[in-house]
Every structure is written in structure tokens, then in C-alpha cells.
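Enquirer: Given next are the chains, with one letter for each unit.
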Amino acid sequence: MKNDQFVNNSIVIKKRNKGAINTSKKFKVTTDTLFNIIIVAIISIISVSLLYPFIYVISVSLSNYKLAAEVTFYPKGLTFDAYGYIFSLKNVQSGYLNTLKYTFTGVFINMIMTILCAYPLSKKWLPGRTAVNIFILVTMYFSGGLIPLYLLVDALGMRNTMWSLVVPAAISTWNMIIVRTYFLNNIPSEIEESCYIDGANELRLLVNIYLPLSKPILATISLFYFIGHWNSWFMPSIFLDDSSKYPIQLVLRNVMVTSGSSFLGQSQAAELGKFMKNQEIDVNSLNNALTIAVVLPIIFIYPFCQKYFIKGVMIGSLKG
Amino acid sequence: MNSFTKNNIKRGWILYIMLVFPVVWYVVFCYVPMGGIIVAFKDYNVYRGIIESPWSSEDIFKHFKAFLGDRYFWEVLLNTFIIGTVNTAINFPAPILLALMFNELKDGPFKRISQTVSYLPYFISTVAIVSIVIAMLSPSTGIVNNIIKRFGAEPINFIMEPKYFIPIYVLTNMWKNIGWGTIIYIASMSNVNPELYEAAGIEGAGRLRKMWHITLPAIKPTIVILLILSMPGILAVDFETILLLQRPQTYSVSDVIPTYVYRKGLLDSRFDYGTALGLFFSIVNMGIIYSSNKFSKKAADISIW
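Here the protein sequences line up with chains U and P, keeping their order.
Numbered by the numbering used here, the letters in the first sequence go through residues 540 to 859 in order.
Numbered by the numbering used here, the letters in the second sequence go through residues -7 to 297 in order.
Just so you know, the hints here were simulated from the structure itself, not pulled from any lab data.
Worth double-checking, as some hints may not be accurate.
[To be verified] Simulated crosslink set (BS3-like; lysine-lysine; CA at most 30 Å straight-line): (1) U:LYS754 <-> U:LYS640; (2) P:LYS141 <-> U:LYS615; (3) U:LYS663 <-> P:LYS141.
[Stated by the list, open to error] Facing chain U, a subset of chain P residues (Cβ under 7 Å, in silico): (4) TRP17; (5) PHE21; (6) ASN138; (7) ILE160; (8) ILE178; (9) LEU259; (10) ASP260; (11) THR267; (12) GLY270; (13) PHE272.
For each residue, glycine too, the CB sits at the ideal point set by N, CA and C.
Chain P extracted, bound-state conformation (with noise of 0.2 Å):
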């Protein structure tokens, strides 16, 4: 160590003392309950806590046996890849169409106004979001099923018909996300050249022509990496507003590997499963990160890392 790492070490003090606190909590809060992934081998016992309970009995893999045996588990696990698929699918390219008008509107009130609304929804909570999605949709009083009666047809339980729940979903994270979504596009829009567009339009170029051969180009770095991040959100759906949604009823379709988690292991006390669940899950996700990074870095040379 040379001095000068020595005087800075003496300088910093009182830095390290207030990293103390930050670090504290990351090592209580983040890397505990790391280690407490071991639960997911061990047959826990209430009494005993995480450390003093016993190792899984006759198989340390005994919990992941038996999820992987259970032919419930892959329902779920299919239900999670069906619904990330879809949501990703449809809710990832909305907001880019979105920023793309926004980007043709002039400066003004209506662009300033429309867009500030765009973005409210993102802020309410996911009770109130399900709640009034809920109330949109209710048999009896909802605008849905009024307009539908008043087409003269029998009015829909949505929320309790399984083949409705993965359209709702997805609409209901398309309202709550998508206006916040352009935001970071609208921003890497904002870094064009103007005079591309002027030399385009000396050339003869319309604004549909425009928005394809310069704005798409331009922000097609942001789209590479913002879904490299959003892949793992091919597993990772939002699990509040699926707790919320789903019913016993349409289980069979909304039943995800996070409410499943919750519910085997928080609701039915299963600490161990739950775990073992949990972490067979993350594996599956991180390994899915990995290899969309990896394919990118391939195919367009783009990495987050």
C-alpha cells in the first residue's frame, strides 16, 4: 500500500463510517436471506428457525423432487412462460409505437398535456389499478357488460372465466405501464440530428417515411437493450397485479410460479418448498438473462454487461 492510498484511507474516515450503516443493512437484508436459500434443502421446522433444523431427510433435493414430479408444477410453470410471452410481446413494442406519435406531435399543450396523462397511471397503486379494472368489468353494474346488454347479448363474468384473464392482464399492465414507457425512447429520439430530417425532407421524403429510415434507426440501441432487460420478464410477470386478478376459478390459466410460491409457501406455512420453488425459479430466470445477453452481444454487439 503506498502512501498515498494510506492518506486517502486517513481522509475518508468519516466516509467509511457512514458506509458502515449501508452495508450493514445490504449484508442483513440482501445477503441473509440469500443464505437462507438453504431452507429450500432442509425440512424446516418452526420451532428450530433455518439453522437448527434438520437437513432434508433420506434426499438434500427432496423439495425440488417432488415439485418437478408434480405435474401441477409445470401447469404453472407454462402458465408463467404463456403469460410473460404474451405480455411481453404486446406490452413491449406498445410503448415505442406510442413514443413514435408522440415524437410527431408539435410542442405545445396538447403534446405536453397528453403525455403527462399517459404517465398517471403508472403511479397508482396496483390495488386501486385492479380495483377500477374490476368495477370496469363487474356482471352487473360495469360499462363493459352494460355495453354488451345493450348489444342484447348475456352478459360475461370476466374476471372469473379463465379464457378472459390473460387479455385482462394484459390490458390492465398496457394501461398502468405503456405512456411510461416511451419515456426513455421519446429521450433517445430527442438525440437526432434535425438536419437528418431536413436533408430527408429535401430528398422528398414523407414523416412516415421519415420515422422509419431515421427515428427507428436512431433509437434502435434503446430497443436492443431495453429488451435484453425486459427478457427475464418473460418469467418475472407482475406478480401484485396477477395475486389481485386471479381467482380460484381461473387458476388454471393465471396460476403463476410466484403466486404459487406465495401461496404453498407463505399461506400453507411450506418454507422449505417454497424456497426450493423460488430458487429453481431464479435459476431458470437468470440462466434466461445470460443467454439473451449473450445472444445480442452476438447478433447486434449490444451487452449489458
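Pulled out of the complex, with its shape left as it was, chain U reads as follows (with noise of 0.2 Å):
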């Protein structure tokens, strides 16, 4: 494609040159190819070295460990040794089944709540709304902070069980406001009316009108907290204590930490030195394997979501 642009333009010169064209109109398209090239050029090395680091990581974990300070593009001794045990460990697999819990749990609580949220407050002419519209704004701006969250998620008993991870993060105000927003400016106000005068309630006109109007919206927000929740590490961290509710990204994390040892417990530690020593892998290997199983689900998706994920950007910032 931008090589064939290349070459149109270089063929307008030629031309041109035949013609005996003014010299300063010459100079201008030569120039402009020429910066056409600069830029494609520019972005072309910005892209590779923004996803070289996926390559690099991806083709250490498929090489033979002795190898691994020589890769720079592809892998030396291939081997996916690494694959295969990362997967055959338990605190793996118990780690992707978390993962797939808390988020599907997670994205559940998320959009009802938000739902339930966005949904009234789009209707302009609700008593009430905009006094919920501020007392929901300030939590914006005013939060209590790590601690106190902890001593309350302690005081609730949520503490080591799957509630402590989706039930504090129910609510993204910044997702509810793109939801609302759409409600607001998508949502013809006449169907409504019509449908109100036809007798269905505002129940019904949810179910019935609002939510197959708002397919992509939705499917943007779901997004953005299935991301979230996927990648969350951190309140997993301070909130489970038993390394059998980890989700695998605090796997990752811990193995990352601790390069293999704790992870892995002594038996294990002692069982993986054996069976390393016929195989082709170390820890290294092993984390890296790992961060490539946990990136691959979102590199996978990603392509298909895209613009979902554009489009939730683009109609969050119309409203800031």
C-alpha cells in the first residue's frame, strides 16, 4: 500500500520532469514523498519496538535455556518444554480457573450495577437525579484511600473469598458515565414516550428498547471491565491469603518475585530441579512461558475489540 503510493508519486515526477514543469512545483513533490517516507518510516520503528518485546519474551520461552542470552528474534533450540510444565502444574491451572471466575462473576456484577446505575440517571426528568448525579461525582475526586478499604472489606468477612475482588469493584463511575451519556444522547425520546403512553413501564422500556439500542456500548464496558478484572493483581494480593484462590496473574506475580521458590514450595522446588535436569527449560523459561500464557487470552481478543474499546474512549472523553 505505501509503497505503491511511493510509486505513483515518483511516476508523477518522472512525468512531470518530461514536462518540463516549473522547478518549485518539482521540488514540493519530491519534498512530500520524501516526508511521506520520513514518517513511514518513523512509525514503522516505533511499531516493531512497541511489539518486539512481545516477540523477544515469546521466542526466549520457546528456547532451550542455554540458549537464551543469544535470541534476539527467533527462538535458539526450540523447545516447548516450558509450555508443557507450566501447565502441568497445579497453582497454574487453579490459577486460570480463578482468573475465569472472579472475572465472569466480576463482568456480571459489573454491568447490572452499572446498569442499574446509568439507567435511571439518564432520565432527565426523574426527581432526585441530579442530587445522585453529585453525591456519585464526589467519589471522584474524594476517596478514603488503601487502608480504610481494607479494614472495611476485613469487617465485612469478605476477606479471602472471591467477594473481596468483584464486590468493591462493582462500580466504575467512569464506565457508568459512558453508559449513562448513551442512554442520554442514543435513546430517540420519543420511543420512549410512545412506549411509556403504550402502558410498559420503565422496567419493560429497559429490557425492551434500552439495552438491545445499546449492543455496542455495552459490549464496550463489559470490555473494559473483563480487562480489568484479568489483569487485576494487586487487591488479589492484599486480600486472599490461600495461594489456592490466587488468580494467575498474582501466579505470574509471585513467580516473577520470588523467581520460582516460593511458587513452587519445596517438594516442588525439589522435583523441578530434577526434572529440569533432562530438559531444556529453567525458571526463567518458566516465568516467561507464563507471561506469554497470561497475554496470549487479550492478545487473542484484542484484534476483535478493538474499536469497541476506541469507541468507549471516544464517547467517555465527549463527556469530560
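Both chains are given apart, each in its own frame, so use the hints to dock them into the complex.
Expert: Below, the structure is given as C-alpha cells:
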């Protein structure tokens, strides 16, 4: 594509040269082409450097650990042992299952609470709406901070349960505002009025009119919530005590911070030692393989969801 | 109350029932923790809870005075300020430059793919991002040290050396956020009237001059608003990234207020002291937002309120 463009430009220049067009115009066409080349070159370099770290870690995770230091782009001494090994580990398996459980429960609660909040607040005629809006807006500027939240979750008896992860995060005010703005601007009030006159109540209106008409934005924020839960590790690290309840991100954090020792436990570490003597992997390979295993699902869904994310940012920023 | 309002209240009864759930949630998970701030003025006792714990003995500002008199606290505050300022100074303009370049690309697969690639790191978890950064910087196998070794120099243990902490942090942040940050600028660039560019072209302006005289002024309001919004960023450093990147060996530069609050308050279970620290920090933060907003209102007539 870009090449076509350049080829076309240079053809134009040649033709014009033949046609003895005045020099200033010729000069302009060539600087324009040069400008395009420079921009494309810079963008290419930037894109490659943004992507390179992923490629590098994928390659290292697929390499024999003795050759890991020589990897630049492609794997050296190709081996899938690291992946085979991490997926055979109990913590990794349970980590994945936990993450899936927390993520889907979390998004489910998020969506219900967000809609319950955004829908009433999108009704301009609703008495008391402004007061609730201000009540919510205040929380965007003031918060109790980490420790009071911790003490609260502890006092509610949610510590070391899934609820400590999904309930305190039930609403993101930002996402709620995106949905509210969408309801407010994109649902024609004529439809609403006519349904109301036909005797539909506000709940029917939500289910039959608002939700079907708002599918794109609901998809967008459910993706935002999904990513948030999938990537979450800090809250789990302070609220969960049992390692059997850790989500996959926290498992990865622990491998990374302790170079594998705490995460494997003594018996397993010994086993790993034996295992690795005959294999082509070491703890670094495990760390890298686990990183990729955590990143891959996101990279996989990302191209399909990208446009939804951007839509969300647009609507959010219009409000701002 | 007139009959119109009364009618609307009656009409909206289902809506009020719906609102009960989120409002209760906001009370419990936002307002109760705000009230929990009183721990900062108490001697917290695990067995007695927040309400029952006694107010700080001798002096109600005991915990505040404790950290204000602690030299380490001021070092941590300075670290926070330095990291935040350097990061904002580099990572605030970076997406603007990238957006300007994206804007010069012709629509097509190259533009689409490079934009898609640039957004990707934003969606990757902080743990994975930091794990990748550490893998690349590893003194034994990392690609960076591999290159250094090829030039015959000694490998550097980047993660353990204080002087490399800020560059690593800023670059990690750039990698994660530069692409995503362009979206808003690209959107406001697409609102520029194309006739302006044509007119400038007829006048003989080149691409760079068009960029400077048309595109940049068009996105100026966006830049200013985002700059104000990013001002608290000077102190609100990326807690998760720092927590994962820092090592005890680099605390002298990498320890910032949020990580200090986390270590002192949560890991050492000094809840009262940690809350006092956090409270002091958010008050300073509010002050910065307020004054930057006031400044921009005066200087550019742009305000977020």
C-alpha cells in the first residue's frame, strides 16, 4: 500500500520532469514524498519497538535455556517444554480457573450494577437525579484510600473470598458515566414516550428498548471490565490468603518476584530441579512461558475488540 | 412540590428501586472508607475496630507529626515528585508527537495496523509488562545486556541499580501508554476542517508548516485539558508498576508515597500511621489539581469545572 503510493508519486515526478514543469513545483512534490517516507519509516520503527518485547519473550520462552542469551528474534533450540511444564502445575491450572471465575462473576456484577445506576440517571425528568449525580461525582475526587478499604473489606468478612475482588469493584464510575451518556444521547425520546403511553413501565422500557439499542456500548464497557478483572493482581494480593485462590496474574507475580521458589514450594522445587536436569528449560523459561500464557488470551481477543475500546474512549471523552 | 414533580416521582418508582442498589454500594464502598479516614487520628486496635479504638493519646495529630518529623518521609515525597515530574515531562508530550505522525499517514492498512499495534500494550497486565521488561534487562540472558556484552562491556544489573530506576520506569510507562494516549488527539484532529489544509497548500505551506499552524492549534484545547487532568499525575505515580519494578536495593530512588503507605500501613499493619500518610498525600494532591485548574482558567480560560 505505502509502496504503491510512493511508486505513483515518483511516476508523477518523472512525468513532470519530462514535461518541463517549473522547478519549484517539482521540488514540492519530492519533499512531499520524502516527508511521507520519513513518517512511514519512523512509524515503522515505533511499531516494531512496541511489538518487539512480546516477540522477544515468546522466542525466549520457546528456546533452550542454555541458548536463551543468544535470542534476538527467533527461538534458539526450539522447545515447548516450558509450556508443557507450566500447564502441568496445579497453581497454574487453579490460577486460570480462578481468574475465569473472578472475571466472569465480576463482569456480571459490574454490568448489572452499572446499568442499574446509569439507567435511572439518564432520565432527565426524574426528580432527585441531580442530587444522586453529585453524590456519585464526589467519589471521583475523594476516596478513603487503600487502608480504610482494606479494613472495611476485612470487617465485612469478605477477606480471602472471591467477593473481596468483585464487590468493592462493582461499579467503575467512569464506565457508568459512559453508559449514562449513551442512554441520554442515543435513545430517541419519542420511542420512550410512545412506549410509556402504551403502558410499558420503566423496567420493560429498559429491557425492550434501551438494552437492545445500546448493545455496542454495553459490549465496550463489558470489555473494559473484563480486562480490568483479568489483569488484576494487586487487590487479590492483599485480600487473598490461600494460594489456591490466587488468580493467574498473582501466580505470575509470585514467580517473578521470588524467581519461582515460593511459588513452587520446597517439594515441587526439588521436583523441578530433577525435571530440569533432563530438560531444556530453567526458572526463567517458566517465568517467560507463564508471562506469554497470561498475555496470549488478551492478544487473541484484542484485534476483535479494539474498535469497541476506542468507541468507549470517544464517548467518555465527549462527556469530559 | 408541584403536581408535575409528584407525578414524575410516581412514574419513576421503579427507577428509585433500581437506584437503591448502586446508592447503597456507593455509601458502603466509597463513603464508609472516606469515614474510615478517622483511623488516621486514632490509636488503632485490631480487636476493637475503627469506631471503638481510642483517639490518639496525648496528641490527635500524633501520626502526622510522626511522619512529618521523619527524614525518610521527605525523601519518599521527593522521590514521588521527581518520578512524577520526569514521567509527565516525557510521557505527556510523547502521544501528541505520535498522534501528529499518525495524522500524516494516508488512510489504509499501514495506518490501521500501526495504530492497532500501538494500543496493544495498554491492555496487557502490569505484571506481564514488568515481567517482560525484567526479562529483557536480565543481566545473564536479557537482550539488552546481550548487546552490551557484544560491545565488550560488563553486563549491568539494571533492576538493582538505583540510577537506572527512573529511566526504566519512564520507558515502561511509555511502552504501555503512548499508543492509547494518541486516540483522543487523533479524534480532535479529525475535526479539523480539510479546507484549511487545502487553503494552506495553495498558499504554499509544506506539511510541517501545516502541522504547526493548523493541526497543533486545533488540538490545543484538548492538550490543555489533558495537561490539567494529568497534573495530579505528578504525584499520583503508577503505583502498581513501581511496586513491581522496585527492589529494596533501589528504594533510595524508587520508594514513593503509595508504596510507602502500602509497606508501612498494610505489610507492617500500622493502619493508623498508613492512613495518616495517605490522607496527607491526597490533600497535597487535591491542592495541586485545584491550583493547576485555577492557573489554566486564568491563563487559557479553560477549566475542568
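Enquirer: What hint numbers does the structure not satisfy?
Expert: 3, 7, 8, 9, 10 and 13
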